[in-house]
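Chemist: As given, the protein sequences belong to chains A and B, one line each in that order. Numbering-wise (my numbering), the first sequence opens with residue 1 and increments by one. Numbering-wise (my numbering), the second sequence opens with residue 262 and increments by one.
Calculated from the structure, these hints are not laboratory results. Idealized CB from N, CA, C, for every residue including glycine. Check before you lean on any hint, since a few could be wrong.
[As the list claims (entries may be wrong)] Straight-line C-alpha distance at most 25 angstroms; calculated SDA-like pairs for lysine to any residue:
{"no.": "1", "chain 1": "A", "residue 1": "Lys138", "chain 2": "B", "residue 2": "Arg291"}
{"no.": "2", "chain 1": "A", "residue 1": "Lys138", "chain 2": "B", "residue 2": "Leu293"}
{"no.": "3", "chain 1": "A", "residue 1": "Lys138", "chain 2": "B", "residue 2": "Ala283"}
{"no.": "4", "chain 1": "A", "residue 1": "Lys138", "chain 2": "B", "residue 2": "Thr263"}
{"no.": "5", "chain 1": "A", "residue 1": "Lys138", "chain 2": "B", "residue 2": "Ser281"}
{"no.": "6", "chain 1": "A", "residue 1": "Lys138", "chain 2": "A", "residue 2": "Val128"}
{"no.": "7", "chain 1": "A", "residue 1": "Lys138", "chain 2": "A", "residue 2": "Ile62"}
{"no.": "8", "chain 1": "A", "residue 1": "Lys138", "chain 2": "A", "residue 2": "Arg149"}
{"no.": "9", "chain 1": "A", "residue 1": "Lys138", "chain 2": "A", "residue 2": "Asn160"}
{"no.": "10", "chain 1": "A", "residue 1": "Lys73", "chain 2": "A", "residue 2": "Val159"}
{"no.": "11", "chain 1": "A", "residue 1": "Lys138", "chain 2": "A", "residue 2": "Asp117"}
{"no.": "12", "chain 1": "A", "residue 1": "Lys73", "chain 2": "A", "residue 2": "Glu144"}
{"no.": "13", "chain 1": "A", "residue 1": "Lys138", "chain 2": "B", "residue 2": "Trp285"}
{"no.": "14", "chain 1": "A", "residue 1": "Lys138", "chain 2": "A", "residue 2": "Leu23"}
{"no.": "15", "chain 1": "A", "residue 1": "Lys138", "chain 2": "A", "residue 2": "Gln233"}
{"no.": "16", "chain 1": "A", "residue 1": "Lys73", "chain 2": "A", "residue 2": "Ile62"}
{"no.": "17", "chain 1": "A", "residue 1": "Lys138", "chain 2": "A", "residue 2": "Met214"}
{"no.": "18", "chain 1": "A", "residue 1": "Lys138", "chain 2": "A", "residue 2": "Leu155"}
{"no.": "19", "chain 1": "A", "residue 1": "Lys138", "chain 2": "B", "residue 2": "Tyr272"}
{"no.": "20", "chain 1": "A", "residue 1": "Lys138", "chain 2": "A", "residue 2": "Leu208"}
{"no.": "21", "chain 1": "A", "residue 1": "Lys138", "chain 2": "B", "residue 2": "Met262"}
{"no.": "22", "chain 1": "A", "residue 1": "Lys73", "chain 2": "A", "residue 2": "Lys138"}
{"no.": "23", "chain 1": "A", "residue 1": "Lys138", "chain 2": "B", "residue 2": "Ala265"}
{"no.": "24", "chain 1": "A", "residue 1": "Lys138", "chain 2": "A", "residue 2": "Leu69"}
{"no.": "25", "chain 1": "A", "residue 1": "Lys138", "chain 2": "B", "residue 2": "Arg289"}
{"no.": "26", "chain 1": "A", "residue 1": "Lys73", "chain 2": "A", "residue 2": "Val128"}
{"no.": "27", "chain 1": "A", "residue 1": "Lys138", "chain 2": "B", "residue 2": "Arg288"}
{"no.": "28", "chain 1": "A", "residue 1": "Lys138", "chain 2": "B", "residue 2": "Ala292"}
{"no.": "29", "chain 1": "A", "residue 1": "Lys138", "chain 2": "B", "residue 2": "Phe269"}
{"no.": "30", "chain 1": "A", "residue 1": "Lys73", "chain 2": "A", "residue 2": "Ile152"}
{"no.": "31", "chain 1": "A", "residue 1": "Lys73", "chain 2": "A", "residue 2": "Val125"}
{"no.": "32", "chain 1": "A", "residue 1": "Lys73", "chain 2": "A", "residue 2": "Thr142"}
{"no.": "33", "chain 1": "A", "residue 1": "Lys138", "chain 2": "B", "residue 2": "Ile279"}
{"no.": "34", "chain 1": "A", "residue 1": "Lys138", "chain 2": "B", "residue 2": "Tyr282"}
[Unchecked claim] Below, a sample of chain B positions facing chain A; criterion: calculated Cβ distance under 7 angstroms:
{"no.": "35", "residue": "Gly271"}
{"no.": "36", "residue": "Ser281"}
{"no.": "37", "residue": "Leu284"}
{"no.": "38", "residue": "Arg288"}
So the chains spell out like this:
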Amino acid sequence: MITTTSSRATRILGWLTAASLALTAVMALVISPPDVNMEDSVRLLYLHVPTAWLSMYICFGITTLASVLYLWKRTRSRFWDLTAGASAEIGVLFLGLTLLIGAIWGRITWGVYWTWDARLTTTAVLFVMYLGYLAVRKVPATPEVQSRRAAIVALASFVNVPIVHYAVEWWRTLHQAASLGSPQRLLDPQITGTMAGTLFLGVIAFTLLYAWLMAHRFRLAWLEDRLGDRQLQAAIDERRAEAGVGTGGTNEATAEPEAVR
Amino acid sequence: MTDAGYIFAGYAATAGIIGSYALWVVRRKRALARLLSPPDGS
């Protein structure tokens, strides 16, 4: 009987993630001081910045890399397709949170939840593009066609990431420029001390969360893949039985899945 | 704390959305692993 589908490493990662998220919440809500200009609304940025950074650069970056490796014949494997899909789904979740928390912060600071600012608009477009990517993955086709089609859409969607990144420099926007993420800001940071420490901790906590979610989401994708194989084999066996042909098909899905141990 | 309602709403929504997603992934994964395990259930 299966009582767990997690490895020891995943469970340790899970506890580390929970502890770091709890510490981030305490630092952000209790210990970190209010900002001179933003006052207490700065506390929302300890969620907004890590989710934005992770979704755009890590989640969608890994989706893009895995898609390239899938499209390249020498490295083509189902592993890369499943990795790309799992990472994109978590990226969409984080980017949705970025937009939500940003809207709440905007209501406090600008007086409106939403404005058609260049950074906000390009981020919303990015969100819709990756929702489209997840939808494309569900369009019925053979597994190879489905994976190739999804990989191409992933590469096309990633083109928007640098546009979102540079939107605050290319256009005049309400959204503030990077506090840390550019070379000149690294030399003259706009955030220091406890506030910088809390932000850094938030980025680490959400990176651990991404790693934990990714481990579980990948295993789920792998199991869904095996279930699809099993259902296909069952359908073939059924048709053969109807036609009076022996069912000689092997069902690899009945074997204990390696990735689940 | 100024604007406490908005700030706590942001934190609660984040915890709720991530928690719900994590729970869905783990529960579905366990259900599929059970479904795909050998028939003797060992």
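Chemist: Each hint should be assessed against the structure and marked as holding or not.
Modeler: Structure-based check of each hint:
1. At most 25 angstroms may separate the alpha-carbon atoms for a hinted pair to count; Lys138(A) and Arg291(B) meet this at roughly 22 angstroms.
2. Our distance criterion of 25 angstroms between C-alpha atoms is met by Lys138(A) and Leu293(B), whose separation comes to about 18 angstroms.
3. For the given pair, Lys138(A) sits about 21 angstroms from Ala283(B) by alpha-carbon distance, which is consistent with the 25 angstroms threshold.
4. For the hint pairing Lys138(A) with Thr263(B), the CA-to-CA distance comes to about 45 angstroms; that exceeds 25 angstroms, so the pair is violated.
5. About 22 angstroms separates the Cα atoms of Lys138(A) and Ser281(B), which keeps this hinted pair within 25 angstroms; it holds.
6. About 16 angstroms separates the Cα atoms of Lys138(A) and Val128(A), which keeps this hinted pair within 25 angstroms; it holds.
7. In summary, the hint linking Lys138(A) to Ile62(A) is supported, as the alpha carbons are separated by about 20 angstroms, within the 25 angstroms threshold.
8. Of the pairs offered as hints, the one joining Lys138(A) and Arg149(A) holds, with about 11 angstroms between alpha carbons and a cut-off of 25 angstroms not exceeded.
9. Simply put, Lys138(A) and Asn160(A) have alpha-carbon atoms about 22 angstroms apart, close enough for the 25 angstroms limit, and the pair holds.
10. Proximity of Lys73(A) to Val159(A) is assessed by CA-CA distance (about 22 angstroms); at most 25 angstroms being required, the pair is judged to hold.
11. Taking the CA atoms of Lys138(A) and Asp117(A), the gap is about 32 angstroms. The hint is violated against a cut of 25 angstroms.
12. Annotation: proposed proximity of Lys73(A) to Glu144(A) holds, straight-line Cα distance about 12 angstroms (limit 25 angstroms).
13. Using a Cα cut-off of 25 angstroms, the hinted pair Lys138(A) and Trp285(B) holds, with the two alpha carbons roughly 18 angstroms apart.
14. The suggested pairing of Lys138(A) with Leu23(A) is violated, with an alpha-carbon distance near 38 angstroms, which exceeds 25 angstroms.
15. Among the hinted pairs, Lys138(A) with Gln233(A) is consistent with the structure: their alpha-carbon atoms are about 20 angstroms apart, no more than 25 angstroms.
16. Between Lys73(A) and Ile62(A) the CA atoms are separated by roughly 18 angstroms; this keeps the pair inside 25 angstroms, and the hint holds.
17. Annotation: proposed proximity of Lys138(A) to Met214(A) holds, straight-line Cα distance about 19 angstroms (limit 25 angstroms).
18. Between Lys138(A) and Leu155(A) the CA atoms are separated by roughly 17 angstroms; this keeps the pair inside 25 angstroms, and the hint holds.
19. Taking the CA atoms of Lys138(A) and Tyr272(B), the gap is about 32 angstroms. The hint is violated against a cut of 25 angstroms.
20. At most 25 angstroms may separate the alpha-carbon atoms for a hinted pair to count; Lys138(A) and Leu208(A) exceed this at roughly 28 angstroms.
21. Taking the CA atoms of Lys138(A) and Met262(B), the gap is near 45 angstroms; set against the 25 angstroms cutoff, the hint is violated.
22. About 23 angstroms separates the Cα atoms of Lys73(A) and Lys138(A), which keeps this hinted pair within 25 angstroms; it holds.
23. Only pairs whose Cα atoms come within 25 angstroms are accepted, and Lys138(A) paired with Ala265(B) is rejected, the gap being roughly 41 angstroms.
24. For a cut-off of 25 angstroms, the pair hint linking Lys138(A) to Leu69(A) stands: about 20 angstroms separates their Cα positions.
25. Note on Lys138(A) and Arg289(B): the hinted pairing holds, with a Cα-Cα distance of about 18 angstroms set against a maximum of 25 angstroms.
26. Distance hint between Lys73(A) and Val128(A) is unfulfilled; the C-alpha atoms sit about 29 angstroms from each other, more than 25 angstroms.
27. A distance of roughly 21 angstroms separates the Cα atoms of Lys138(A) and Arg288(B); the hinted pair therefore holds under the 25 angstroms criterion.
28. Annotation: proposed proximity of Lys138(A) to Ala292(B) holds, straight-line Cα distance about 21 angstroms (limit 25 angstroms).
29. This hinted pair does not check out: Lys138(A) and Phe269(B) have alpha carbons roughly 36 angstroms apart, beyond 25 angstroms.
30. Taking the CA atoms of Lys73(A) and Ile152(A), the gap is near 14 angstroms; set against the 25 angstroms cutoff, the hint holds.
31. Using a Cα cut-off of 25 angstroms, the hinted pair Lys73(A) and Val125(A) is violated, with the two alpha carbons roughly 31 angstroms apart.
32. Our distance criterion of 25 angstroms between C-alpha atoms is met by Lys73(A) and Thr142(A), whose separation comes to about 18 angstroms.
33. Between Lys138(A) and Ile279(B) the alpha-carbon distance is near 23 angstroms, which keeps this suggested pair within the 25 angstroms criterion.
34. For the given pair, Lys138(A) sits about 19 angstroms from Tyr282(B) by alpha-carbon distance, which is consistent with the 25 angstroms threshold.
35. Nearest Cβ of chain A to the Cβ of Gly271(B): about 5 angstroms, under the 7 angstroms cut. The hint holds.
36. Because the closest C-beta pair between Ser281(B) and chain A is about 10 angstroms apart, greater than 7 angstroms, the hint is violated.
37. Hint status for Leu284(B): violated, given a least beta-carbon distance of 11 angstroms to chain A, over 7 angstroms.
38. Of the supplied interface hints, the one on Arg288(B) is violated, with its beta-carbon coming no nearer than about 10 angstroms to a beta-carbon of chain A, more than 7 angstroms.
The earlier numbered hints that this structure contradicts are 4, 11, 14, 19, 20, 21, 23, 26, 29, 31, 36, 37 and 38.
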